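There are 4 protein chains.
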Amino acid sequence: MLNVGIIGGTGYTGVELIRLLSMHPGAQIVTITSRTEDGVRVSEIFPSLRGHVDLTFVKPSIDLLSQCDLVFFATPHGVAMEQAQELVDRDVRVIDLAADFRMKDLTQWKKWYGIDHSAQQLLDEAVYGLPEINRKKIQDARVVGNPGCYATAIELGFAPLLSSGLVDSDSLIADAKSGVSGAGRKEELGIIYSEVGDNFKAYGLSGHRHHPEILEILRGLAGTDIGLRFTPHLLPINRGILATLYANLVETNSQMVRTSFETFFENEPFVDVLPEGQFPDTRSVRGSNFCKIGLQVSEDERSVLVVSVLDNLVKGASGQAIQNMNIMFGMDEKMGLNGLGLVP
Amino acid sequence: MLNVGIIGGTGYTGVELIRLLSMHPGAQIVTITSRTEDGVRVSEIFPSLRGHVDLTFVKPSIDLLSQCDLVFFATPHGVAMEQAQELVDRDVRVIDLAADFRMKDLTQWKKWYGIDHSAQQLLDEAVYGLPEINRKKIQDARVVGNPGCYATAIELGFAPLLSSGLVDSDSLIADAKSGVSGAGRKEELGIIYSEVGDNFKAYGLSGHRHHPEILEILRGLAGTDIGLRFTPHLLPINRGILATLYANLVETNSQMVRTSFETFFENEPFVDVLPEGQFPDTRSVRGSNFCKIGLQVSEDERSVLVVSVLDNLVKGASGQAIQNMNIMFGMDEKMGLNGLGLVP
Amino acid sequence: MLNVGIIGGTGYTGVELIRLLSMHPGAQIVTITSRTEDGVRVSEIFPSLRGHVDLTFVKPSIDLLSQCDLVFFATPHGVAMEQAQELVDRDVRVIDLAADFRMKDLTQWKKWYGIDHSAQQLLDEAVYGLPEINRKKIQDARVVGNPGCYATAIELGFAPLLSSGLVDSDSLIADAKSGVSGAGRKEELGIIYSEVGDNFKAYGLSGHRHHPEILEILRGLAGTDIGLRFTPHLLPINRGILATLYANLVETNSQMVRTSFETFFENEPFVDVLPEGQFPDTRSVRGSNFCKIGLQVSEDERSVLVVSVLDNLVKGASGQAIQNMNIMFGMDEKMGLNGLGLVP
Amino acid sequence: MLNVGIIGGTGYTGVELIRLLSMHPGAQIVTITSRTEDGVRVSEIFPSLRGHVDLTFVKPSIDLLSQCDLVFFATPHGVAMEQAQELVDRDVRVIDLAADFRMKDLTQWKKWYGIDHSAQQLLDEAVYGLPEINRKKIQDARVVGNPGCYATAIELGFAPLLSSGLVDSDSLIADAKSGVSGAGRKEELGIIYSEVGDNFKAYGLSGHRHHPEILEILRGLAGTDIGLRFTPHLLPINRGILATLYANLVETNSQMVRTSFETFFENEPFVDVLPEGQFPDTRSVRGSNFCKIGLQVSEDERSVLVVSVLDNLVKGASGQAIQNMNIMFGMDEKMGLNGLGLVP
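Quick mapping for you: the protein sequence lines, in order, are chains W, B, E and P.
Take the first sequence: its position 263, counting from 1, is numbered 361 in our numbering, and each next residue is one higher.
Take the second sequence: its position 13, counting from 1, is numbered 111 in our numbering, and each next residue is one higher.
Take the third sequence: its position 212, counting from 1, is numbered 310 in our numbering, and each next residue is one higher.
Take the fourth sequence: its position 30, counting from 1, is numbered 128 in our numbering, and each next residue is one higher.
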């Protein structure tokens, strides 16, 4: 039985980790920390956990945390980079659900997150936790940077096309739409119900933090520079990301497009390529760890459309983190992640 | 042309006043204040007003405000009671959309709002701005306390029954449901989309500020003590209150019940009593100043059910304030308030 | 391994049975029928099941069905009463999720469902499948009538009060609110998004089919006649029922009220009585089999307020059906039902 | 006072026509037809109209209709083309809110609507009712084909770019999202709340009826062939379309892009081009006749992003129809259309 800790358990990725781990037969939460809720029972903040989860928030303590095999950081960015080294030194492996260990480019990091990175050495060894492209490296990683939710949806949607060289890597468009939980559990005027409900908008058009993260990964897949226009939108739904992806084909063989997806994801337990003519909706993955992908070559065979959906709190955050945990500790990659989408 | 001022125009009741007044042929906004947004164009905060409303927020100034015939306070409670006297002294009439001039009982006021009332004299002369019961007094009022949204829906729903003595005034239940805009435009964890969307709950069960306000009015209508259980709930909708009201009949003549409503509201321009068998939904009054009421005597003729709906920002706040303004200044009571419910 | 069949798998209770059974370690679906979708893969209608559920809809066949240990009817009312006898004769046990085996009173049945009951003998032996009051009878039942969703929420909320004689059984009010999935998966103008979204209403005020079902059960609990006013409302949410219940106390000992709940549900795996001052929201049970209950005695100790929530498709339908299955076949009652509420 | 008739008043465009016309000082509804609701008061179907609209549905009658100056067809496609000639012959002008008079290309029409066009002569003289490009022709038109909702949003968003030749007309992408009321008021499984609520999807990817309509108009603006990828999505909101538009620039002068919009829409009463850095949300036009447009040239100045929003029932249907009416009869184009967006 794996012993895990959660640092920062009062946000949505935190409670989702708890929900998923409570059904995981191979791991148990031994400590969950919160500075603000120290001493409060977790089920008091999240009554959905009553009767199943008998944990109490505690202040972070290196003694407790060092008894863990693995610690999840479900904290805002900037926390993990301060605390991860201490854990790694005690042979505790780390998965950060924030952005601290996602990007290798320190200049970009500082530009988008406004602070210097304080753990460059760990960052160098950290592995980007997208199993579909980094599974082998994840197995032995001491530190995993868990991908962003937009990033996961977009990278999985473009990966087969770029790695097979089927599309013009300079022509990419990601028109992406996210549910509100992606913005986190925090007091912010722009995400109160009366501002979001029965409403829809684009946002972050002057630049979004996931953009450079996505570029780094896509560049690696394509082996060349990437031109990507990325437009995030805010959906009046709780969970779910749907990314509508556009790219121009360099070859006009439409069958190769479909084949590239089927081959790339052939043995992937959590990526589902839908048959021709079918496209996924966000609810089909609500609460599940699946990324579902539909695709269509345009009639003139000059471009391809990909629709990629996932639950931003599961495959886009906590579920993917547990998938990474399973890989890191040699467990069945699907363990604890067999919940199906909640429909309706 | 009436000159009006708005103090505190950045909340939802503020922008709703602006929206409604922009279509009012007999009044114009001459000043709108905000301490935090001083110098900012109103249409920058509320882009829906672009091209129609050419106002800029300014710091409150007694010089500007004293040029108004009427000033609306669209501020949190506690502001109007500090500033109204100064205006009244300069012959400016006042409508407060917050709670400062609603309740006569100072002990209750302090209990629920946590501060001493600082304008007792003005409070004594202030009129509770529910036209359906106080129209005559409103005509000459210098200070009007505009009713709360829950209060308006519940008081109008019980008024005919209590004033005609048809129900046991000790048996009242108001099971009320409100859209989220009733909570205002503010940063608060409990009203962010991810906490409210696709969710429903009761709240304020240890006591709600509208309760004593309602009791005061109902007591006046009944001429006796009131026993009222009031349960507010939070709906995942933007606008709208629906109050489901229950009372035990003292007489078992069901026709008298319907007659009491039709008589009480006979000439009311903004209360619509639906025919037998029909009950209103919240959208039928979305954006309009109507209160719609459906009612049904139980089969055993021992109790009555009333369903009362209104738009919490219109008849429950800004629309009613303008209705009061129309009455105070001898204009057609319906002026500027003829917008129909936005369906769907 | 239990072999189960599902008759009528294209509705929401059908897909929810499939979702829950796919995670059940002790049961497997061997046949799922649909007259309209014969030959179609289940995952084509419900893409959320792709990769996990490899079933194809077939026409109902007594040969296939008679190989089952248990058959669920997820059909409209009137179907199970025609087909159950044939199954029972072949030693197949039956759980009907519709209304055919809920009420013993045939006159009421005909009044509300418009047809004569065609299986009176089976109805006589059928057990009402609310484990919290009928667990022992369910163990040996050949036919179980699975309770309605409103009925479950309201019965569990009133049960401790009525069985302990703490309340005036003539004073009951159930102000209940349901998500739209309770209306089923069907083409109906009143439940299209544009009629329901950002809207709220009461409905069924001339009488609701769940009313007589609830009365029968409450009468049994109270051992006396029941006076119940029941007002259903339609919430713009997918899943969830919240029932706000009111009753007048005959004793004014508020501690006895809380004790009655804690005692009644002491060993219940799926009823959670919240601590004083806490009330449940619908999302806390989204996708889970829990019924959560909050309660409060009024300040004057003359009445009690109960808030009861459940997921209408789980504890209000398919989850409760599986709970009944577990009981009928001597399995752990919680088996396959340990999913936690999906929050947010 | 203009006398107008409405054919087919039971859908959403019908009730929206009624709502808007009830506030129009220069027009009155003299007849409103419905075959299915003959004899029923309009306010019985739409209680929001009670007290303001005293109309009763009647069967279509040429006698009544020929007394009108103008008749709106708020019917499904295929109706207006059968009945318009008869009206035109009696000097009644016609605005069809369906598709019968939008496209000149009869082959495309038959392909997308499945029937032969039966009024080719009228179609030849019919004017596409987008005032921003056809105002002069609309003035004298006897028959106006009112544009589709997607079409209006997309055409207005691309018009300045194409007419000024700033973009590669072969590179257009319209990623468009619509509220559910765009699908009409009808019994259809795919639009019931439980299928749409808390969900999001792309649809119509094998081809959408608005595509050829849009192409025809854009071709006219560009004076050349158009390559447009159009992806509609279904939003869980009642009203509103947001189209995110992409195009590659042929010139890299970003200031020319903004100027092209400001020039093109300089005197347009209902198109609002937002300042640099601002982008519209759908609620800012909820219930109003505005189309609001935000735009941004990419950092590398190789492409442009346009966000265009409107209310699909107002500027996307009934509001635009009234705007056309105003133009056709020489009234102030803004008459009756000065309602502001309902926020929140």
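What the hints contain is simulated information worked out from the structure, not anything from laboratory work.
None of the values given here were measured: they were computed from a predicted structure.
Hints may contain errors.
Since copy identity is lost for identical chains, a pair holds within one copy or between any two.
As the list claims (entries may be wrong) - With a straight-line cut-off of 20 angstroms between C-alpha atoms, the simulated DMTMM-like cross-links for lysine to aspartate or glutamate are:
#: 1; residue 1: K202; residue 2: E360
#: 2; residue 1: K235; residue 2: E286
#: 3; residue 1: K234; residue 2: E349
#: 4; residue 1: K234; residue 2: D136
#: 5; residue 1: K209; residue 2: E374
#: 6; residue 1: K284; residue 2: D161
#: 7; residue 1: K157; residue 2: E349
#: 8; residue 1: K209; residue 2: D398
#: 9; residue 1: K432; residue 2: E285
#: 10; residue 1: K235; residue 2: D161
#: 11; residue 1: K209; residue 2: E397
#: 12; residue 1: K202; residue 2: E366
#: 13; residue 1: K235; residue 2: E366
Hints, one by one, checked against the model:
1. K202 - E360: For K202 and E360, neither the intra-copy (30 angstroms) nor the inter-copy (42 angstroms) Cα distance is at most 20 angstroms.
2. K235 - E286: So K235 and E286 fail the 20 angstroms test inside a copy (38 angstroms) and across (42 angstroms) alike.
3. K234 - E349: neither (31 angstroms within a copy, 46 angstroms between copies)
4. K234 - D136: neither (38 angstroms within a copy, 44 angstroms between copies)
5. K209 - E374: neither (41 angstroms within a copy, 22 angstroms between copies)
6. K284 - D161: Neither way: K284 and D161 sit 29 angstroms apart in one copy and 40 angstroms across, limit 20 angstroms.
7. K157 - E349: Cα proximity of K157 and E349: none, with 57 angstroms in one copy and 46 angstroms across.
8. K209 - D398: Between copies only: 18 angstroms across, 41 angstroms inside.
9. K432 - E285: Classified as neither; 35 angstroms inside a copy, 37 angstroms across copies.
10. K235 - D161: neither (28 angstroms within a copy, 52 angstroms between copies)
11. K209 - E397: Result: close only across copies, 16 angstroms inter versus 41 angstroms intra.
12. K202 - E366: Result: close neither inside a copy nor across copies, 26 angstroms intra and 49 angstroms inter.
13. K235 - E366: Within one copy only: 16 angstroms inside, 47 angstroms across.
Comparing the model with each numbered hint stated earlier shows that hints 1, 2, 3, 4, 5, 6, 7, 9, 10, 12 do not hold.
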